[in-house]
Amino acid sequence: MSTLSSSSPSPRAARAPVADWFDADYLFGDPLEISRRMRREGHDIVFAPLLSLHFTCSNAVGRAIWSDTDNWCNLRGEIPLVKAIGPNLMFKQDPEHADERAAVNPSLRPKTVTDAWRPVFRRHAERLVDALVEQGSGADVNQHFAVPYAALNLAAISGLTQASWQDIARWSHAFIAAAQNQLNDPSLWPPAERARAEVDAAIDVAIERLKLEPDDSMLSAMVNRPQPFPLDVIRGTIRLAVTGGVNEPQHSLLHGLWAFEQHPEQKRRLLEDPTGFASAFDEVVRWLPPITTVAREALSPVSVGGVAFQPGDIVVLQVSGANRDPEQFHDPDSFNVFRERKPHFAFGGGNHLCAGIWASRAATEVAWTMLFDRLEGLRVVDPDATEWFGFTYRGIERLPVTWDAVRSA
Amino acid sequence: MSKVTFIGADGAVTTADAQEGASVMQTAVSYGVAGIVGECGGFLMCSTCHVYVEPKYLDRLDPPAEDEDEMLDAAAAGRQPNSRLSCQIRVGPELDGLVVALPESQY
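Those protein sequences? They're chains A and B, same order as listed.
Start counting the first sequence at 317; every next residue gets the next number (this note's numbering).
Start counting the second sequence at 27; every next residue gets the next number (this note's numbering).
It is worth saying that the hints were derived from the structure and are not from the lab.
Every value quoted in this text rests on a predicted model; they were computed, and no experiment measured them.
A virtual CB, placed ideally from N, CA and C, is assigned to each residue, including glycine.
Using C-beta positions, here's what the derived DEER-type ranges look like: (1) A:356 to B:122: 47 to 53 Å; (2) A:510 to B:122: 56 to 62 Å; (3) B:102 to A:418: 22 to 28 Å.
Kindly produce the complete structure, drawing on both the sequences and the hints.
Given below as structure tokens:
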């Protein structure tokens, strides 16, 4: 039997070592630094008194916690994301959560992604490559491709097809800003409140259309279900999709372009054989995950990795650190699209595993393939000057690119 | 308690005592059987608990539902007639002695 975790703490399990070194500066930098410090100190799990919670950088600890839904759940207090978008399935437990996920999972499984969404992704990518070309060499691929691409794709998958991509992008960014508003900046709440009202209005419009003309979207599945969901459940799921379904694929696309640029030999091999972009995606999100912290709360006394937890204890998995756990990955800090694939936490894990996992992989692969195919010599202008923003939702916000020639579609 | 035997791609054999009603995937994960991941916790979203069921046990299983059938096509290792997602196989007395072989990789 696995000895990593057991409910009812074993006599040898102790409280976690205290990270007195954890100060507010860590909240303004790259969260990976937390894991690096933990590894230097020789700890898989620490307690940070400043935040009254635990951090872990261990893949194995993460696996033990995220697969144990009897003893761990998503955070139950009022956290910024819930304040921003209201109750939603990410914070519910089974069977309620399973029921709500089951309704939308068919829209997001590989077959629907391949049959329904890939052609949509390709259409969006073609249109946006043309728009990027019109901007000319030096254009910001975030503003002119990654953002509209993610927003247009999310519109289709969610069912909010009558909303403009600009509105969807604005809603997503407002929710994300409020979701990482740990310091309670009051200016971040009103845009999120407005976005909620606008998303709900867009849902109302879409529901009427989808009752008459069902499609493969998440909203269509929820609305046309034999036992209808209450409206607040539908709203919660769609608001969550808007939050996660734009910002994350947007960043993954950019992080890949940046990572390929920093590794010319791998870029060269990918351009020779673009079928490699599918597995490259997995390495990009392992190395530069668009979500850098995920959390769980203990429901009962439980020990994991030699540490005894009490009910209410919170463990934050530092995703980029766990994704570079040397126990799990050989040469973990290296970016290597050809490495042996192993599970990591870019999409979380367990019963709440990101519903967008298949769609985001396909969409990003379609985009990279098309960008490099249409734009000969596509490259990032000054990769060393690229800046990163955010804590939990850390990513690139501006990425000028250039190219030598445009190939026709 | 029912027994389930896992045969790794490298030939390693693990025989586990399975909790009644637990899935074969859950049994593998609790025993730390390398070669089964179960990344999505048994909700038919990952295809990383793929196993090859020893043929004589195959008939004792209910055929895969539509969702499992679709996800089996997405399994990294080739789908065979005896392929199943082990999160969908519940252990019980009628499956006592179940033997499954594990694919080379779940990714």
